[in-house]
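Sequences listed follow chains P and Y, in order.
Going by my numbering, the first sequence wraps up at 211, each residue one higher than the last.
Going by my numbering, the second sequence wraps up at 493, each residue one higher than the last.
Hint data in this document are derived by calculation from the structure and do not stem from the laboratory.
Glycine included, each C-beta is placed from N, C-alpha and C at the ideal position.
Mixed in with the good hints there might be a few duds.
Unchecked claim - Here are some chain P residues the structure puts well away from chain Y; computed CB gaps all over 12 Å:
1. Ala72
2. Glu95
3. Ala159
4. Ser161
Stated by the list, open to error - Example chain P residues on the side facing chain Y (calculated, C-beta under 8 Å, incomplete):
5. Phe61
6. Ala78
7. Ala96
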Amino acid sequence: MNSRPQDAESGDAGLVVAAIAGDQGAYAQLLERHQAVAFRAAYLVTGSRAEAEDAAQEACVKAWLALGRFRPEAPFRPWLVAIAMNEARNRRRGSGRRAGLALRVATDSMQSLTAASAESEVLAAEERERLAAAVAALSEADQLVIAARYFLGLSEAEAATALGLRRGTVKSRLSRALERLRIRLEERP
Amino acid sequence: MTDELELRLRALGAVLEVPAAPDFAAKIVLPPRRRDRRPSVARRTLALAAAATLLVSASAMAVPVTRNAVLDVLGLRGARVVRVPSLPPIAPGAAARLKLGQRIRLAQARHAAAFTALVPSHADAAFVAHDVAGGRISFLVGSDLVIELRASSRPYFMKLIDPRTHAKLLRVGASPGVYLSGGLHEVLFEAGGSVRSEPVELAGNVLLWQRGPLTLRIEGARSLQAALTLARSLR
Chain P
23 MNSRPQDAES GDAGLVVAAI AGDQGAYAQL LERHQAVAFR AAYLVTGSRA EAEDAAQEAC
83 VKAWLALGRF RPEAPFRPWL VAIAMNEARN RRRGSGRRAG LALRVATDSM QSLTAASAES
143 EVLAAEERER LAAAVAALSE ADQLVIAARY FLGLSEAEAA TALGLRRGTV KSRLSRALER
203 LRIRLEERP
Chain Y
259 MTDELELRLR ALGAVLEVPA APDFAAKIVL PPRRRDRRPS VARRTLALAA AATLLVSASA
319 MAVPVTRNAV LDVLGLRGAR VVRVPSLPPI APGAAARLKL GQRIRLAQAR HAAAFTALVP
379 SHADAAFVAH DVAGGRISFL VGSDLVIELR ASSRPYFMKL IDPRTHAKLL RVGASPGVYL
439 SGGLHEVLFE AGGSVRSEPV ELAGNVLLWQ RGPLTLRIEG ARSLQAALTL ARSLR
């Protein structure tokens with residue numbers, strides 16, 4: 023997961039200015055930094071590798087074409103993520119699939135287990151599955167705000183940009199989403 | 259404050275099944291961005307004539323390279339081939355005809371541009387245009403068209419092809435190239451900061467290749483063999 027720290031954004035500023043001026047090399051560097059999180063966001067929305075690739079690529083091209091209207095001081099990463107998520111949602115809608123994020127726990131997340139750790143790891147894996155199922159049972163709005171903060175590693179401000187919300191809205195929506203999640207987990211221990 | 263549930267969610271995020279992201283930065287083909295400037299009267303007149311085509315082109319070029327057809331043509335400079343899910347519709351009469359530039363005598367063609375052009379063994383006419391750095395030399399050979407320009411890191415030709423178009427990677431002599439046939443495609447090319455579009459019907463089968471410092475393109479060949487024969491006749 024790309025959970026690039028805040029200071030990476032400050033390092034983006036020069037690249038963003040150059041990219042706005044038409045420097046394709048600078049734009050390529052921006053993509054190198056943030057393509058992973060854009061793709062991850064698209065994959066969580068579409069649940070399809072192929073569609074996520076197409077959505078993320080389209081987002082990269084659209085962002086390039088729209089850079090002329092981008093404020094250089096604004097953070098690039100959540101803006102790219104927002105475009106990728108929109109593209110992904112459009113593709114999902116076009117294919118008639120229902121809303122909701124793809125929250126599958128990787129089967130290879132249990133690797134290199136020692137015999138002693140195997141049992142606790144199995145329990146942890148079951149717990150993760152249960153948590154993923156509980157998140158998946160929430161509304162998509164709740165899922166998205168949780169995903170932005172914890173699965174994409176965005177800050178509160180970045181999540182606001184990526185989701186097209188006010189920062190205060192992200193804060194309150196996240197708080198309510200977590201509360202609903204707690205209730206679900208307590209209902210189904 | 260981070261509570262236990264948030265920690266568990268972060269941990270879940272780390273083990274969610276998400277494939278590795280492709281390297282878009284390395285393989286994506288960026289279309290030229292239109293500049294925000296007020297055109298002169300002359301430019302505006304030209305722009306009006308091609309306005310519909312430009313709009314079509316802009317939307318088409320917003321379509322990225324799809325996952326299964328990245329044909330960045332083996333480092334072929336000055337040209338890119340981009341497969342798109344579907345070509346944009348071309349409004350009747352909107353497509354601008356390819357402008358070959360000023361007609362010149364065949365004997366002048368080799369040195370009419372900033373590079374030394376390769377000349378077909380039998381050409382009917384030659385043209386020079388200066389809408390791209392270094393100039394552009396074109397030859398009419400029967401119903402075929404040979405276009406030459408100086409290769410550069412920035413694509414001049416951008417070909418959009420649809421899923422029905424067959425793209426065959428090949429070598430012309432020792433040079434990398436690609437042959438497009440069988441389906442529809444559209445040629446977009448940048449000149450003087452604007453994007454022009456060439457109608458599908460004009461392009462026919464296309465051989466694109468790079469030879470030394472030149473990017474070359476043969477349009478309208480009946481077959482790959484015919485295109486290769488013409489390509490090999492260039493001296």
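>> Tell me the numbers of any earlier hints that the structure contravenes, in ascending order.
In response: 1 and 7
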